[in-house]
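Line by line, the protein sequences are chains A and B. The opening position of the first sequence corresponds to residue 1 in our numbering, with each subsequent residue numbered one higher. The opening position of the second sequence corresponds to residue 1 in our numbering, with each subsequent residue numbered one higher.
Note that these hints are calculated values from the structure, not bench results. The beta carbon of each residue, even a glycine, is placed where N, CA and C say it ideally should be. Watch out, some of these pointers could steer you wrong.
Said to hold, decoys possible - Pair ranges (Cβ atoms, derived):
| id | chain 1 | residue 1 | chain 2 | residue 2 | range |
| --- | --- | --- | --- | --- | --- |
| 1 | B | 721 | A | 66 | 18 to 24 Å |
| 2 | A | 66 | B | 654 | 33 to 39 Å |
| 3 | A | 66 | B | 665 | 30 to 36 Å |
| 4 | B | 563 | A | 53 | 56 to 62 Å |
| 5 | A | 53 | B | 736 | 46 to 52 Å |
Claimed, not checked - In silico negatives: residues of chain B with every beta carbon more than 12 Å from chain A:
| id | residue |
| --- | --- |
| 6 | 13 |
| 7 | 508 |
| 8 | 651 |
| 9 | 748 |
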Amino acid sequence: MESVLAVVIGGLYAAGLYLMVRRSIVKMVFGLALLGNAANLLIFTVGRLTRGRPPYVPPGGTEPLLPVADPLPQALILTAIVIGFGVQAFALVLIKRVYQTVGTDDLDVMTTTDTDSRSSG
Amino acid sequence: MIVAVLSGFGAALAAPFLHRRLPRWSGWVCALVPLMLFGFFAAQGGEVAAGHTIRAAYEWIPSLGVDFSFSLDGLSLLFALLITGIGVLVVAYASSYLHGHHHLGRFYGLILAFMAAMLGTVLAGDLITLFVFWELTGLCSYLLIGFDHGREAARKAALQALLVTCAGGLALLAGFILLGEGAGSLDLAALLTRGDAVRSHPLYVPILALVLLGAFTKSAQFPFHFWLPGAMEAPTPVSAYLHSATMVKLGIYLLARLSPVLGGTDAWFWSVTLAGGITMVAGGVMALIRSDLKQILAYSTVSALGTLTLLLGLHTPRAATAAMVFLLVHALYKSALFLAAGAVDHGAGTRDLARMGGLARAMPWVALGAGLAALSMAGVAPLAGFIAKELLYEAKLQAPLAAEFVTGAGFVANALTVAVAVMVGYLPFHGRERDTSLHHHRVESLLWLPPLLPALMGLVVGIVPGLTGRWLVAPAVAAVRGVPVPVDLALWHGVNPVFLLGVATVAAGVGIASVRGALLRRLPAGSGPGWGPERGYGLLIDGMLGLARWQTRLLQNGRLRYYLMTVVGAAVFLMGVAILRSGEIPRQLPRPDGGIHEWLAAGVILAGALTAATTTSRLAAVAGLGTVGYGVALVYILYGAPDLAMTQFCIETLSIVLFVLVLYRLPRFSLLSTPGGRVRDLLVAFSVGGFMTVLVLLAVSQTLVPHISTYFLEQSLPAGHGRNVVNVILVDFRALDTLGEITVLAVAALGVYGLMKGRGEGGG
Numbered sequence: 001m002e003s004v005l006a007v008v009i010g011g012l013y014a015a016g017l018y019l020m021v022r023r024s025i026v027k028m029v030f031g032l033a034l035l036g037n038a039a040n041l042l043i044f045t046v047g048r049l050t051r052g053r054p055p056y057v058p059p060g061g062t063e064p065l066l067p068v069a070d071p072l073p074q075a076l077i078l079t080a081i082v083i084g085f086g087v088q089a090f091a092l093v094l095i096k097r098v099y100q101t102v103g104t105d106d107l108d109v110m111t112t113t114d115t116d117s118r119s120s121g
Numbered sequence: 001m002i003v004a005v006l007s008g009f010g011a012a013l014a015a016p017f018l019h020r021r022l023p024r025w026s027g028w029v030c031a032l033v034p035l036m037l038f039g040f041f042a043a044q045g046g047e048v049a050a051g052h053t054i055r056a057a058y059e060w061i062p063s064l065g066v067d068f069s070f071s072l073d074g075l076s077l078l079f080a081l082l083i084t085g086i087g088v089l090v091v092a093y094a095s096s097y098l099h100g101h102h103h104l105g106r107f108y109g110l111i112l113a114f115m116a117a118m119l120g121t122v123l124a125g126d127l128i129t130l131f132v133f134w135e136l137t138g139l140c141s142y143l144l145i146g147f148d149h150g151r152e153a154a155r156k157a158a159l160q161a162l163l164v165t166c167a168g169g170l171a172l173l174a175g176f177i178l179l180g181e182g183a184g185s186l187d188l189a190a191l192l193t194r195g196d197a198v199r200s201h202p203l204y205v206p207i208l209a210l211v212l213l214g215a216f217t218k219s220a221q222f223p224f225h226f227w228l229p230g231a232m233e234a235p236t237p238v239s240a241y242l243h244s245a246t247m248v249k250l251g252i253y254l255l256a257r258l259s260p261v262l263g264g265t266d267a268w269f270w271s272v273t274l275a276g277g278i279t280m281v282a283g284g285v286m287a288l289i290r291s292d293l294k295q296i297l298a299y300s301t302v303s304a305l306g307t308l309t310l311l312l313g314l315h316t317p318r319a320a321t322a323a324m325v326f327l328l329v330h331a332l333y334k335s336a337l338f339l340a341a342g343a344v345d346h347g348a349g350t351r352d353l354a355r356m357g358g359l360a361r362a363m364p365w366v367a368l369g370a371g372l373a374a375l376s377m378a379g380v381a382p383l384a385g386f387i388a389k390e391l392l393y394e395a396k397l398q399a400p401l402a403a404e405f406v407t408g409a410g411f412v413a414n415a416l417t418v419a420v421a422v423m424v425g426y427l428p429f430h431g432r433e434r435d436t437s438l439h440h441h442r443v444e445s446l447l448w449l450p451p452l453l454p455a456l457m458g459l460v461v462g463i464v465p466g467l468t469g470r471w472l473v474a475p476a477v478a479a480v481r482g483v484p485v486p487v488d489l490a491l492w493h494g495v496n497p498v499f500l501l502g503v504a505t506v507a508a509g510v511g512i513a514s515v516r517g518a519l520l521r522r523l524p525a526g527s528g529p530g531w532g533p534e535r536g537y538g539l540l541i542d543g544m545l546g547l548a549r550w551q552t553r554l555l556q557n558g559r560l561r562y563y564l565m566t567v568v569g570a571a572v573f574l575m576g577v578a579i580l581r582s583g584e585i586p587r588q589l590p591r592p593d594g595g596i597h598e599w600l601a602a603g604v605i606l607a608g609a610l611t612a613a614t615t616t617s618r619l620a621a622v623a624g625l626g627t628v629g630y631g632v633a634l635v636y637i638l639y640g641a642p643d644l645a646m647t648q649f650c651i652e653t654l655s656i657v658l659f660v661l662v663l664y665r666l667p668r669f670s671l672l673s674t675p676g677g678r679v680r681d682l683l684v685a686f687s688v689g690g691f692m693t694v695l696v697l698l699a700v701s702q703t704l705v706p707h708i709s710t711y712f713l714e715q716s717l718p719a720g721h722g723r724n725v726v727n728v729i730l731v732d733f734r735a736l737d738t739l740g741e742i743t744v745l746a747v748a749a750l751g752v753y754g755l756m757k758g759r760g761e762g763g764g
């Protein structure tokens, strides 16, 4: 199943990157979200897939019965999902604010840090 | 001896404070430092003349064989005495010349630091130590040329000198490292015994070229000579000290020091002799057509440095003797002339030769000093210059190759030198006053004494040459040759070809000086060097700045998406090359297995991504994102990661809610890119996607050794008291990471809050 997921990861990266290099700032944030998912899935797959056996110590035992899914990538991804959400939320509010301030959603127009050409200064 | 070298740096640090406390006496106190050092080195003279080398060493970087070591032999002693002796004069002179300058304290500090760096260079017993001090002299020179940093010309000249000498310095470092490899040691004493090994080393030619590059840039040899006249922007004491008597002679020192190791080959002879010969003649011609006193002196210094280089290129005992004598004599007369030029500038307010004349009446002592120095420069008996010139001709006539050519070039250069001597030593002081608008006044003793002293020294050396020969020159020549060479200096050798050549030179020189005015009028106005190496330097600097601007425009164009594409493209390219080179491309794909539901999940994810990427509706894009998120959660469930799935479901839902809330405050999707741009972006996106696929396949085809995970699985219950291993990792084993994660979320939340709240204030 790894090869199928490899294609899925490639597709997510392609779509995410394509959105990120759009001139529209909104599409950029959508691309960011896709890239986050792609990266998580990448870590998950590279850590090997084990079907239906979560890393859980059964009642009465002292350690999980092998074979079992690798807990380390899962811990990493869990962190990444949450942080990805934080980044997404911040980016979303930021571009909303940028749009209000600069008055355009075209990234190619935003080439300087000066906003004095706009009225809001 | 280490104390002697480093004391200069200590004094340099103290000088500005001293000057603030005791502005009247600081000059005297600062002059004491070189004076004491002069005494110290003079006291070592006996031992050095007896053929001993005095050493002091500390281990610095033993693993690389680098020592912080100093050694004093004849060559070092000659330089050390020149450096400290002229240092005394220059510091005393500066206290009067720059009297009242508000950075005088800083000046004392810099000049003492420079002196210490010079001493370190000529006393260094290790190549790396030598290099460090060598670069320090360049740095001090930069600061001293740009001393009047308010003027653009001074800053520009300082930068030019720094760039040229530092470029040479880099070459020198490379040369030293190769030399150290070739000889097996960085220690100078050991190096000097391994000349044969170095000369037969396959890397001999690169070593020679790199070392010569360093020496030629420092000693202003053609085609790097142009920085030296530019450096005349410095205050005159600096020009006298750094740019005539000491620093520019470092290249000569290096050639002399390494000539037992590198010298004597055809490559050495041709490159060094030719560079020296061209510099010698070109410098003389350039000096002749200038009218600024300091510029004339600067070009004549270039010419003298060329003569010294040429002599070292000849690599005969006679030439080495001539070089050492001429080095000493030149330092004496040139520092005297520079200091006299400064006194003239100070007293008459001009350095323009055409406006001067009859200054001897106003400043008789300066005229005397300059006159004596000029006579020495012209090589008139009984001054020291006469002895030097006889030796020069003798050495050139005995040149191993192309003796006629070398002698002819030497004759031209010497005649030009005589003409320059007339121009700087006679014309300003005698004859009628050219420009009566100049009001000259007498100059103080501290301005005329320093030029007079070295000029008188020239007279003394000329009258009693034997002493100088035995105590100073012979040990130095022995160091240059590697074996003791009998040196017997005498004023009078009788009427021989060399003497006749000398007489002819003086006559020709005086003749050139007398027709100079007529010659210059023939020259078209403004026919200065609009071409040549200086122009090349300018083009190089402009080109470099242009390249910098171009690549800044290219890479720092301010467009986020191009940055992104550059970074991603570079990463994919580099990793792709690495993978291809490793040859580990998966030959056999793992066969896709799994049930229909798994395929379905994969299809859903891809469909969601495709929708998000292509739709023109914002809501459809959000829906696509959501589909991807839930699809990924599904994959987590299928492959034993229920915690991930739960988190992903929650977060995804939250994200979608957030997106929908903000969405209608955002602009509609607009079609901004051109079709061509979209095709390019698609290509980039697909190549990156394809690459990631290959990367994953490659990664899963390798064997995984999960050492850390095993520990977590075993210790989860006993050590972490939890059955859910993932949770135990997050809150127990890696709890600090989780704390960091929470912090990130808190910061993001604060940011979101701030951005939302600031809305009412009009933005920005």
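Checklist entry - Which of the listed hints are not met by the structure? => result 3, 4, 5, 8, 9
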